[in-house]
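Q: Going down the list, the sequences are from chains A and B.
If you count by the working numbering, then the first sequence holds residues 5 to 328, one letter each, in order.
If you count by the working numbering, then the second sequence holds residues 5 to 328, one letter each, in order.
It should be emphasised that the hints constitute simulated quantities derived from the structure, not laboratory data.
Quantities reported herein were computed from a predicted structural model and do not represent experimental measurements.
Idealized CB from N, CA, C, for every residue including glycine.
Heads up, a few of these hints could be off.
Claimed, not checked - Just so you have them, the derived chain A footprint on chain B, three or more residues with Cβ under 8 Å: (1) 81-87; (2) 280-287.
Stated by the list, open to error - Taking lysine to aspartate or glutamate and the EDC-like style, the derived pairs with C-alpha atoms no more than 16 Å apart in a straight line are: (3) B:Lys262 x B:Asp237; (4) B:Lys176 x B:Glu160; (5) A:Lys176 x A:Asp237; (6) B:Lys289 x B:Glu91; (7) B:Lys177 x B:Glu160; (8) A:Lys106 x B:Glu134; (9) A:Lys177 x A:Asp266; (10) A:Lys176 x A:Glu91; (11) B:Lys258 x A:Glu225; (12) A:Lys258 x B:Glu326; (13) A:Lys262 x A:Asp239; (14) A:Lys173 x A:Asp151; (15) B:Lys107 x A:Glu91; (16) A:Lys116 x B:Asp42; (17) B:Lys289 x B:Glu324; (18) B:Lys106 x A:Glu91; (19) A:Lys268 x A:Glu168; (20) A:Lys258 x A:Glu225; (21) B:Lys107 x B:Glu134; (22) B:Lys177 x B:Glu91; (23) A:Lys107 x B:Glu91.
Protein chains: 2
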Amino acid sequence: MATINDVAERAGVSVTTVSRVLNNRGYISEKTRKLVYDTMEELNYQPNEIARSLLRKQSNLIGLIVPNVAHPFFAELASAIEFYAYEQGCKLLLCNSQLDPKKEREYIDMMKRHRVDGIIMGSHTLEVEEYTQLNSPVVTIDRKIADLPYVASDNELGGRLAAELLIAKGCKKVAHLCGHLELDLLANLRTTSFEHTMREHGVEFMTLQTSMDVFDQHQYETMISDLLSRHHDIDGIFATSDIIAAFVIKWCHKLGRKIPRDIKIIGYDDVNITSWVSPSITTIKQPITDMGRMAVELVRKQMDGERIEQQNKLRVQLVERETT
Amino acid sequence: MATINDVAERAGVSVTTVSRVLNNRGYISEKTRKLVYDTMEELNYQPNEIARSLLRKQSNLIGLIVPNVAHPFFAELASAIEFYAYEQGCKLLLCNSQLDPKKEREYIDMMKRHRVDGIIMGSHTLEVEEYTQLNSPVVTIDRKIADLPYVASDNELGGRLAAELLIAKGCKKVAHLCGHLELDLLANLRTTSFEHTMREHGVEFMTLQTSMDVFDQHQYETMISDLLSRHHDIDGIFATSDIIAAFVIKWCHKLGRKIPRDIKIIGYDDVNITSWVSPSITTIKQPITDMGRMAVELVRKQMDGERIEQQNKLRVQLVERETT
């Protein structure tokens with residue numbers, strides 16, 4: 005493989021000159037610049053990005069920590085983040101914490117060593133102080149940690165929109181399936197605001213918490229079949245993810261409850277599966293693409309020393325489909 | 005942030021000694037080694053991974069190129085690859101080619117510059133010679149390129165198992181929805197083998213190709229609604245992905261075709277959504293976790309100069325659920 009010395013020798017210039025061209029530093033005549041570029045092309049010279057990172061003190065790497073990219077919400081978010089990182093000339097290091105604080109901690113140490121330019125944190129497990137002690141720019145997704153900047157969608161509005169739709173559709177007894185409220189997530193505001201709106205309108209409701217493991221499908225099955233078997237008069241369900249909503253549909257089919265005639269269902273996120281299942285799921289759309297774009301933008305702005313807002317709250321939207 | 009100089013000064017040893025401890029080179033007494041480690045801990049010194057990569061000529065990075073991680077198959081594959089890469093002390097660079105040869109080419113150039121230890125290639129777009137000219141170890145997923153090692157599941161067996169099940173269930177007129185056969189993918193063997201088995205048993209069938217864009221859901225809707233509306237007597241469908249199978253279920257619901265009474269459906273992959281939709285999807289299970297594990301193992305073995313097989317074909321399995 006050609007080295008910087010080969011390029012310098014063939015072009016008849018010094019290594020310093022080649023280095024200046026590469027790093028766009030110091031005065032170089034157009035003629036010399038062209039000569040160096042032509043020679044690099046001729047020799048198929050690949051500047052060593054690792055060596056250049058050392059000089060520039062930038063790695064062009066963004067680290068993304070999510071619970072598990074196999075979950076549709078995080079898969080679609082990772083896809084959006086990768087898209088915008090690429091636009092900024094950055095590459096994405098993907099880390100699944102898998103609800104394992106040890107793994108998350110090791111990933112953070114690794115990111116420090118690799119001098120990542122920034123970390124986007126969509127995980128839920130680790131104690132927060134680990135993130136406040138980093139030297140790199142950090143952006144969190146849907147989680148408020150000390151004064152770190154975060155991107156979230158308007159969970160309060162989401163909870164209210166869901167409640168209002170079920171009420172408008174005439175539901176009299178509603179169940180809300182939410183995440184584990186012990187976790188300090190902004191998503192919990194959906195629950196607060198949903199319950200508040202229900203109380204305001206005097207509609208009967210109950211709230212059921214799922215466990216932390218979003219991949220424990222068995223718990224969804226048990227929880228939902230129990231709920232529907234015990235409460236035959238439930239006529240509305242607001243689930244905190246489209247996946248949970250899909251399981252509700254499944255059990256309604258099994259138990260012969262007609263959707264939306266007997267029971268109305270609203271999901272959350274608006275991931276692709278909302279249109280893959282039937283009936284297709286009415287949901288509260290999180291602007292996943294915009295959330296990814298904004299997370300990358302907030303990393304870049306911190307790198308460039310620009311002023312940023314701590315709170316970055318994006319609008320949600322009710323998307324009506326066939327379950328309501 | 006503490007530097008190697010700070011560590012040397014505080015420990016009262018030379019920078020070379022600290023460097024030797026870090027890189028495990030040259031003779032260092034146990035006493036000195038412990039002193040250096042204790043001092044590093046005391047000063048919270050993080051060795052600069054970039055600088056160490058340069059010394060070691062290893063980056064501990066594995067690059068993964070997929071069409072789009074938002075697709076459930078690639079999301080679950082990426083999750084498995086990340087899991088096993090982490091076990092090997094490697095980090096994962098995630099690249100979505102998004103069917104854009106320019107983006108895929110730029111990513112490959114970037115990976116060369118970053119001196120990734122290996123590339124796992126699950127994309128479909130690029131001309132093959134780009135991959136044969138790399139210096140890093142490469143492993144492809146479900147694609148045979150020159151003599152590069154690949155991981156695939158047994159597509160031939162998959163196609164045959166699907167055909168045999170539909171025949172055993174008494175189907176008389178079957179449609180097969182496959183990917184774009186122009187793409188040189190090993191997955192095309194599913195189609196060959198499915199058609200072969202159908203012919204052997206003298207069962208009527210038709211094959212419909214989808215376009216290259218696995219995210220163009222509109223095409224699925226049109227193709228499937230057309231198919232079912234025009235051919236009322238179709239009583240079996242073999243879809244080349246679980247997502248396509250989900251769309252078939254959706255249109256059967258819309259058109260009042262009862263599953264599995266009127267029509268039997270088999271998907272492919274066994275991604276999580278097979279259990280999220282109802283009825284749950286009978287499918288040919290690709291061993292996604294094992295495929296990820298093997299891809300990482302093949303990268304590592306190439307790095308270590310171990311002998312590897314070019315063909316690495318894993319078994320598939322029929323998983324019967326509610327659509328057959």
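Q: For every hint, state whether the structure bears it out.
A: So, going through the hints one by one against the coordinates:
1. Counting residues of the region 81-87 of chain B whose beta-carbon sits less than 8 Å from any beta-carbon of chain A gives 4, enough to reach three: the coverage restraint holds.
2. Requiring three or more residues with a Cβ within less than 8 Å of a Cβ of chain A, the coverage given for the region 280-287 of chain B holds, as 5 such residues are present.
3. Between Lys262 (chain B) and Asp237 (chain B), the direct Cα distance comes to roughly 13 Å. Compliance with the 16 Å bound is thereby established for this hinted pair.
4. Proximity of Lys176 (chain B) to Glu160 (chain B) is assessed by CA-CA distance (about 22 Å); at most 16 Å being required, the pair is judged violated.
5. For the hint linking Lys176 (chain A) to Asp237 (chain A), the alpha-carbon distance of about 9 Å falls within 16 Å, and the restraint holds.
6. Between the alpha carbons of Lys289 (chain B) and Glu91 (chain B) the distance comes to roughly 25 Å, so the proposed pair goes past 16 Å and is violated.
7. With a C-alpha separation of about 21 Å, the suggested pairing of Lys177 (chain B) with Glu160 (chain B) is violated against the 16 Å cut-off.
8. Distance restraint check for Lys106 (chain A) and Glu134 (chain B): the Cα-Cα separation of roughly 38 Å exceeds the 16 Å cut-off, and the hinted pair is therefore not satisfied.
9. A hinted pair counts as satisfied when its Cα atoms are at most 16 Å apart, and Lys177 (chain A) with Asp266 (chain A) qualifies at roughly 12 Å.
10. Annotation: proposed proximity of Lys176 (chain A) to Glu91 (chain A) is violated, straight-line Cα distance about 49 Å (limit 16 Å).
11. Of the pairs offered as hints, the one joining Lys258 (chain B) and Glu225 (chain A) is violated, with about 25 Å between alpha carbons and a cut-off of 16 Å exceeded.
12. Proposed proximity of Lys258 (chain A) and Glu326 (chain B) is supported: the alpha carbons are some 11 Å apart, at most 16 Å.
13. Of the pairs offered as hints, the one joining Lys262 (chain A) and Asp239 (chain A) holds, with about 10 Å between alpha carbons and a cut-off of 16 Å not exceeded.
14. A threshold of 16 Å between alpha carbons decides the hint, and for Lys173 (chain A) with Asp151 (chain A) the separation of about 41 Å lies outside it, so the pair is violated.
15. For the suggested pair Lys107 (chain B) and Glu91 (chain A), the alpha carbons sit about 10 Å apart, so the restraint of at most 16 Å is met.
16. Our distance criterion of 16 Å between C-alpha atoms is broken by Lys116 (chain A) and Asp42 (chain B), whose separation comes to about 19 Å.
17. For the proposed pair Lys289 (chain B) and Glu324 (chain B), the alpha carbon gap of about 10 Å is at most 16 Å, so the pair holds.
18. Proposed proximity of Lys106 (chain B) and Glu91 (chain A) is supported: the alpha carbons are some 13 Å apart, at most 16 Å.
19. With a C-alpha separation of about 13 Å, the suggested pairing of Lys268 (chain A) with Glu168 (chain A) holds against the 16 Å cut-off.
20. As the CA atoms of Lys258 (chain A) and Glu225 (chain A) are separated by approximately 11 Å, the hinted pair is consistent with the 16 Å bound.
21. Taking the CA atoms of Lys107 (chain B) and Glu134 (chain B), the gap is about 13 Å. The hint holds against a cut of 16 Å.
22. As the CA atoms of Lys177 (chain B) and Glu91 (chain B) are separated by approximately 48 Å, the hinted pair breaks the 16 Å bound.
23. For the given pair, Lys107 (chain A) sits about 10 Å from Glu91 (chain B) by alpha-carbon distance, which is consistent with the 16 Å threshold.
In terms of the numbered hints stated before, the structure departs from hints 4, 6, 7, 8, 10, 11, 14, 16, 22, listed from lowest to highest.
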